[in-house]
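Number of protein chains: 2
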Amino acid sequence: MRIGHRPVRDHRVTTHVGLVARALGADGIILEETVEESIIKSLERVVETWGGQFSILRTRNPRETVVDWKKRGGIVVHLTMYGENISEELLNYILSQNGDILIVVGGEKVPSWLYTHADYNVAIGNQPHSEVAALAIFLDRLFRGRELLREFPGAKIVVIPSKRGKRVVRRNESK
Amino acid sequence: MRIGHRPVRDHRVTTHVGLVARALGADGIILEETVEESIIKSLERVVETWGGQFSILRTRNPRETVVDWKKRGGIVVHLTMYGENISEELLNYILSQNGDILIVVGGEKVPSWLYTHADYNVAIGNQPHSEVAALAIFLDRLFRGRELLREFPGAKIVVIPSKRGKRVVRRNESK
Chain A
1 MRIGHRPVRD HRVTTHVGLV ARALGADGII LEETVEESII KSLERVVETW GGQFSILRTR
61 NPRETVVDWK KRGGIVVHLT MYGENISEEL LNYILSQNGD ILIVVGGEKV PSWLYTHADY
121 NVAIGNQPHS EVAALAIFLD RLFRGRELLR EFPGAKIVVI PSKRGKRVVR RNESK
Chain B
1 MRIGHRPVRD HRVTTHVGLV ARALGADGII LEETVEESII KSLERVVETW GGQFSILRTR
61 NPRETVVDWK KRGGIVVHLT MYGENISEEL LNYILSQNGD ILIVVGGEKV PSWLYTHADY
121 NVAIGNQPHS EVAALAIFLD RLFRGRELLR EFPGAKIVVI PSKRGKRVVR RNESK
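Those protein sequence lines, which keep their order, are chains A and B. First residue of the first sequence? That's 1 in the working numbering, and the numbers climb one at a time after it. First residue of the second sequence? That's 1 in the working numbering, and the numbers climb one at a time after it.
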């Protein structure tokens, strides 16, 4: 879930959060109602073209979403530069809980309820950087890098990794 | 080096690229001349407040910068979803070359000279996502996660990692 989106100003950053979530193994993204329709559309287009399952949901009330998630047995991880540092031990502990994980990323300012409602406040380093980067590194470490090798069923375009230039295969019929 | 910046539209994304470079262990960033002064200023402010050494340079001609870098014995790594996949072997090979590494990230469209001039075209997965995320994961893997534990000398604010809420120490005199 991405919170604290500022329309216009965060247009690209929120789009990148969505693309990173999809490319790095998340099952979906939850966005606030203030998020521009054009962001939803552009994420939908990527899913249609590049394949895989990825849900794009909206929430009217992020706090309720967090509370409901926990009620249903899920785990809430808030990525913040003020949190405890990411480590193998912490990731193993989170994984050992065996619940669906809701990762919450904010922008520069985050409401204080999030720090208390989150099960884990995790820092990807204690320096200011980027919610896009924090999400990317968290997912990369959570999945031990395996997420980059996943296949995306139904893709209309598939990249053939190449040392020089661009090679793609276009499929007319999606599987 | 960040190329392909589109003024206004990429304002936040280019700022995030700079912040990620700094927070995740790069020595500096090279930006194009078209990059807004406000981005430079906001990166400078972060360095002043949060410490460490981080150079912010401009280039009139990214292609010349790449050519010069290689002439001086450096290695050029272009992060692109079309490249060969990142792997331990590839990272070890790059590190074994023992040269200064220039990481180049672009946006949606990248000039074709970059694919041929780069020593390595490296994919952080072959899905569309984000130059911010690609840079973050590349640096995190290159430095084996150690970059997150670095100290930033001269910081005016230091975060005390915390399971709940925000704890910071302010230092009046920077070392």
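One thing to keep in mind: the hints can contain errors.
What the hints assert, rightly or not - Which bits of chain A does chain B cover? Going by a derived footprint, with three or more residues having C-beta under 8 Å, they are: (1) 19-29; (2) 35-45; (3) 54-64; (4) 73-79; (5) 96-106.
To be verified - Cβ-to-Cβ under 10 Å is the rule here; a few derived chain B residues that face chain A: (6) I30; (7) T34; (8) E36; (9) E37; (10) S38; (11) K41; (12) N61; (13) M81; (14) T116; (15) N121; (16) A123; (17) G145; (18) G154; (19) V159; (20) I160.
Hints are computed from structural coordinates only; laboratory data are not their basis. Here a beta-carbon is modelled for each residue, glycine too, at the ideal position from N, C-alpha and C.
Results of checking the hints against the structure:
no.: 1; hint: 19-29; verdict: holds (count 5)
no.: 2; hint: 35-45; verdict: violated (count 0)
no.: 3; hint: 54-64; verdict: violated (count 0)
no.: 4; hint: 73-79; verdict: violated (count 0)
no.: 5; hint: 96-106; verdict: violated (count 0)
no.: 6; hint: I30; verdict: violated, 18 Å
no.: 7; hint: T34; verdict: violated, 16 Å
no.: 8; hint: E36; verdict: violated, 13 Å
no.: 9; hint: E37; verdict: violated, 17 Å
no.: 10; hint: S38; verdict: violated, 12 Å
no.: 11; hint: K41; verdict: violated, 15 Å
no.: 12; hint: N61; verdict: violated, 22 Å
no.: 13; hint: M81; verdict: holds, 6 Å
no.: 14; hint: T116; verdict: holds, 6 Å
no.: 15; hint: N121; verdict: holds, 6 Å
no.: 16; hint: A123; verdict: holds, 6 Å
no.: 17; hint: G145; verdict: holds, 8 Å
no.: 18; hint: G154; verdict: violated, 13 Å
no.: 19; hint: V159; verdict: holds, 4 Å
no.: 20; hint: I160; verdict: holds, 8 Å
Consistency note: the structure conflicts with the earlier hints numbered 2, 3, 4, 5, 6, 7, 8, 9, 10, 11, 12 and 18.
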